[in-house]
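Here the protein sequences come in this chain order: A and B. 435 is the number of the first residue of the first sequence in my numbering; add one for each residue after it. 183 is the number of the first residue of the second sequence in my numbering; add one for each residue after it.
Source of the hints: derived by calculation from the structure; they are not laboratory data. Please read all numbers here as calculations on a predicted model, not as lab measurements. All C-beta atoms in this analysis are idealised placements derived from N, C-alpha and C, irrespective of residue type, glycine included. Be aware that one or more of the hints could be misleading.
What the hints assert, rightly or not - On the chain B side, residues computed to face chain A include the following (Cβ under 10 Å):
1. Glu223
2. Leu248
3. Ser258
4. Thr299
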Amino acid sequence: MATNDAAQASVMDMTPEKVRKDLLLPVFHTSRRYYLLVFVLVAIGLPGMFVYVYQMSEGMGVAGITRPVFWGFYITNFVFWIGISHAGTLISAILRLVNAGWRRPVTRCAEAITVFALAIGAQYPIIHLGRAWLFFWLIPYPSERGIWPNFRSPLVWDFFAITTYLTGSLTFLLLPIIPDWAMVRDRATGLRKRVYTVLALGWRGTPREWHRLEVAMRIMAVTILPVAISVHTIVSWDFAMAPVPMWHSTVFGPYFVAGAIFSGIAALIIVMALVRKALHLEEYLKPIHFSNLGKLLLVMSLLWIYFIFAERLTVWYGNQPAEMAAFWSIQRGRFAVLFWTMVWCNFLIPFPILAIKKLRTIAGTVVASSTIVVGMWLERFLIVVPPLEHKYLPYDWGSYRPTWVEITITVGTLMGMILLYVLFAKFVPIISIWELKGKDHAEPVGEHANASANPVAVRLDGTLPSTSS
Amino acid sequence: MNAIYGLFPDTNSARRAVAALRAASSRFHFNSKAIVVMSSEPLEEEGFGWEEERTRIGWFAPLGALVGAGVGYTLSAFTQRSYPLPTGGMPIVAMWPTGIIMYELTMLGAIVTTILTFVISTGLPNYKKRLYDPEVTNGKILVGVSELDSDYRAELEQLLYQDGAEQVKEFSKD
C-alpha cells in the first residue's frame, strides 16, 4: 500500500504543466515511426480484408469448417476477443469503486481495450455467417415473412448482451475523455481545433459539469460490472445450452468469466508496456502498476487452473462414452500438444514469474502475459473444436483444420485491433490528465454533505448558495 | 459587457474571491447566482460544488432500468406469443430466456438514462459562445460574475485582483 501511495505521490509531485505536456505530446506530435507503424499494420492487416471479400464471393467452403465441425477459428476468435474485452471496463470499474489511487494511469488504457476488442469480437459472428449482407437477421425484429426471432436461442441473447456491454463500455470510455478533449481543443489550431471543439461538446469545467460527470461515472461503474459478468456468461451459454459432449456443463458460466478476466488482464499488461515504451510514459506507468496487475493475474491463474481441474475431473469421473471420446482427444489424442501447451502457457510458466516478487517486474509480467494470451486462445480453440469433432454418434465424427482463409482473416483482425488502439492513442491522451492530478472524491455523508462544512461552498452551476438560507 | 472574471492560480485565492464576490453582491447589484467558477479538475473537496440541494440524478438510472425491464419483457413476450413455438408442453413465453432479455435491457435502460441525464443536466453539447477562457485548461481557476451591470466594472476588477487574480478579463456575448 505504501508503494502504491508513493507511486501516486510521485505523480502528484509533478507540475501540472509537465503532466499536460507529457500526455498531450502524442496528440500534437506525430513521428515518422508512428506513420511507419500504421503502414505496417495496414500492410499486414489489409490482406485479411481482401480474403474476407474472397470468402464472401466464394462461400464458406473456402474456410475449414465442414460437417460436423461448423464452429472453428471464427467462433474461437469471437470468444477470445470477447474475453479480452473484460480487461478494461471490469477492472476499471472495480478500481474506481474501491477508489484505488493507483488506477488512474491504467483505466483509460484498459477501457479502450474493451471497446476495440468488443468491436473486433462482434465482427466474428458476422464473418462466420457466410452471407454477411444478411447480418441484420441477427437483430431481433419482426421480418416481412412473419418469422420472429427465437428468444430461446443463446445467439439472440448474445446480441442483447454485446449491444448492452458495447454501449456501456463506450460510455464508460468516452465520458471521462470529454475534459481531456477540451484541453486539446484549447491548445489546437486549424482543422484540429474544429474537430476537438465538436468532440469537447462545449465543456467548460463548471462545478456542475464536474459533479454530473463524477456521478455519471459512479453509476456507470456500478452498472457495467454485472453487465460484464453477464456478457461472458451468455457467451459461455452459447456452448453450455447445447447437448454437445463437454459443453453441457454448469461450470461454464463462471469458468468463462474467470478466463475472460484472466486473458483481459494479460492483454492490458502487454498494451500498457507497449504504450509506456512507445509514448515514453515511464514516469506514469510505473513498475508498481505492473506488479499490482501481476498479482491480480496470479490470482486469476490459480482460479483458471482450479476451473480446468474441476471441469475435467467431473467429466473423467462421469466416464460417459461420448464425453470421454472428446476428453481423451484433448488429453492424449491429436489435441494433446495444444492442451499441454495451454497448461504451460496459462499456469506453469506464469505462476512462478508472478508468484516470486523479484520476477514480477515489467519484463516478467509482460512475458507471463504473453504466454497467457497465447494459452487463452488455445483454451478457446480447445473448447470449440474437439467436442464438435466427437459428437455422440461415432459415424458422424470428423476433423477440422483451419485454412489459409481463416488464418489470414484472424491475423487481419488482430492487426485491426492494434491499429484501432494505435489511432486511439494518437487522438486521445492515453492517460486521463484530469484524473491523474485529481484527488479521490468520496461522497460526503451527514453533516459533511452540507455546504456549511466548507466556508465558501458553491452551487453546482458555479453560483453561491442563497444567503437567506 | 456581459461578464467580468479573474483567473486564479490556486484554489485558496479562488475561494477567497468567491467569498468576496458573495459579500459584495448586494453592494454591486448582482445576484449571487451570477457568480461563476470553472476549473480543469473537480474541486469538490476544495469547497466548490457540494450544493445544498442534493442532486437527484442518481434516481433516474433505476427509473431507466425499470423502463428497460418493461421493454425487455414486452419485446420478448409479445414476440414469442406472435410466433408461438410449442415445445413439449412448456409455456410459449419461456421464463428464463425472457428473464435474460429483461436483465440485459434493464442494464441498457440504466446506461442510456445515465447518458441522457448527464447530457440534459449539464446542457452539453453546447457550441454557443459562452463565458469561458482557455486558460482554465492550463490549470487556472476562473471566478467571475456573469450578467453584470457595467457601472461596477472597475470596482470588481480591483476586488478580483485583491484576492489574487493573475488576470482580470471581460467577456461579451456580442
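These are the hints, each one checked on the structure:
no.	hint	result
1	Glu223	5 Å, holds
2	Leu248	14 Å, violated
3	Ser258	5 Å, holds
4	Thr299	7 Å, holds
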